[in-house]
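The residues making up each chain are set out below.
Number of protein chains: 2
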Amino acid sequence: MDDFMRAAFKEARLGAEEGGVPIGAALVDGDSLVATGRNRRLQDTAPVMHAEINCLYNAGKTIQDFGGMTLYSTLMPCYMCAGAVLQFGITKVVTAESKTANEGFEMMVRHGVEVIDLDLDEAKSLLGEFIRTKPHQWHSHPPK
Amino acid sequence: MDDFMRAAFKEARLGAEEGGVPIGAALVDGDSLVATGRNRRLQDTAPVMHAEINCLYNAGKTIQDFGGMTLYSTLMPCYMCAGAVLQFGITKVVTAESKTANEGFEMMVRHGVEVIDLDLDEAKSLLGEFIRTKPHQWHSHPPK
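Keeping their order, the protein sequence lines are chains A and B.
So in full-length UniProt numbering the end of the first sequence lands on 144, straight run, no missing numbers.
So in full-length UniProt numbering the end of the second sequence lands on 144, straight run, no missing numbers.
Only chain A is shown next, with the shape it has when bound in the complex:
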């Protein structure tokens, strides 16, 4: 795990401490960390505030063009977040796991995004614990 994924994990753990869904993300430009974010769906009462959207929201405070950048996430992006990757011209996505959810994978690959899944037990364990203890909060928004 490199420093960027570590930054995403740090956000995921902050989310867990807040009682939120423990998923974190980081936006990287070359060798530079641009922004981080975490799922704030429960904290903000906002279903759209996934980790990747929150990360891009935070990134927007300092930079407006995410083209060619790399997005790290502790979970494979959903359809919405994968769509954001395409929309903003993000060219590479690194995920910590894709076993818990995998919706956005094909969408990104079909559009030429490089997707690397590190398949880390640490990610599956962190999110799995949340799903076991709060299953209704995890499953409240089934994708179509």
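Hints in this document: simulated from the structure, not taken from any laboratory.
Glycine included, C-beta positions come from ideal geometry on N, C-alpha and C.
Just so you know, not all the hints are guaranteed correct.
As the list claims (entries may be wrong) - So, partial list: chain A residues that the calculated Cβ filter (under 10 angstroms) puts toward chain B:
(1) G30
(2) D31
(3) L33
(4) W138
Claimed, not checked - Straight-line distance between alpha carbons at most 30 angstroms, and here's what the computed DSS-like set of lysine-lysine pairs gives:
(5) B:K10 - A:K61
(6) A:K134 - A:K10
(7) B:K61 - A:K10
(8) B:K61 - A:K61
(9) B:K92 - B:K10
(10) B:K61 - A:K134
(11) A:K61 - A:K92
(12) B:K92 - B:K61
(13) B:K99 - B:K134
(14) B:K99 - B:K10
(15) A:K61 - B:K134
(16) B:K99 - B:K124
(17) B:K124 - B:K10
(18) A:K99 - A:K134
(19) B:K61 - B:K10
Chain B: place on chain A using the hints.
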């Protein structure tokens, strides 16, 4: 144009008055307006704050499950917003136009979403005026 699209247009015009990108959206459950929103990309310095995302963000304050609902937008949803439609199980999308942008159309149709484009001159005119006067602000985030 029905009352729901009128609500979306009202948001688009509010955006124009604020100096923002004039695109509006409305979320509808059966015969009931759940929430409206507008593109706040420039107002909030937040590239992710498209009209549809803002509308779903606002909707989240009163309801958490958007499954089976209809999303109105004065412009065909982009990849990110189309992905949000899929992710949250929204089953129908009504747009005022799709000439200015059309990215999300195929993505939604492929997943079985009913998409109706009203092709209204009023929408093309409102957004066209923005693009003519502020081209660099419209084109700053080319989709991949």
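Legend entry - Pairwise hint evaluation, A:K61 against B:K10, where the allowed Cα distance is 30 angstroms at most: Holds, at roughly 27 angstroms.
Inset, instruction - Please verify that hint: A:D31, Cβ, nearest Cβ of chain B, below 10 angstroms or not. - result: With a closest approach of 22 angstroms, the A:D31 hint is violated.
Inset, instruction - Sort out whether A:K134 lies within 30 angstroms of A:K99, counting only the CA atoms. - result: Judged against 30 angstroms, a Cα distance of about 18 angstroms means the pair holds.
Inset, instruction - Measure nothing beyond the straight line between the CA atoms of A:K61 and A:K92; if it is 30 angstroms or shorter, mark the hint as holding. - result: holds, 21 angstroms
Inset, instruction - Take a quick look at whether B:K61 and A:K10 sit within 30 angstroms of each other, Cα to Cα. - result: Roughly 27 angstroms between the alpha carbons, so the hint for B:K61 and A:K10 holds.
Legend entry - Straight-line alpha-carbon gap B:K61 to A:K134, limit 30 angstroms: With a Cα-Cα distance of about 20 angstroms, the restraint between B:K61 and A:K134 holds, given a limit of 30 angstroms.
Inset, instruction - Hold the hint about A:W138 up to the distance rule: shortest CB distance to chain B must be less than 10 angstroms. - result: At about 12 angstroms, which exceeds the 10 angstroms cut-off, the nearest Cβ of chain B leaves the hint on A:W138 violated.
Legend entry - Interface hint for A:L33, Cβ within 10 angstroms of any Cβ on chain B: Where the cut-off is 10 angstroms and the nearest Cβ of chain B is about 18 angstroms from A:L33, the hint is violated.
Inset, instruction - Report holds or violated for the interface hint on A:G30, using the least CB-CB distance to chain B and a cut-off of 10 angstroms. - result: violated, 18 angstroms
Legend entry - Given hint B:K10 paired with B:K61 - CA-CA distance at most 30 angstroms: The hint holds at about 20 angstroms.
Legend entry - Given pair status - B:K10, B:K99, alpha carbons within 30 angstroms: holds, 20 angstroms
Inset, instruction - For the pair we were handed, B:K92 and B:K61, check the Cα-Cα distance against 30 angstroms. - result: holds, 21 angstroms
Hint compliance for this structure: hints 1, 2, 3, 4 are not met, and every other hint is.
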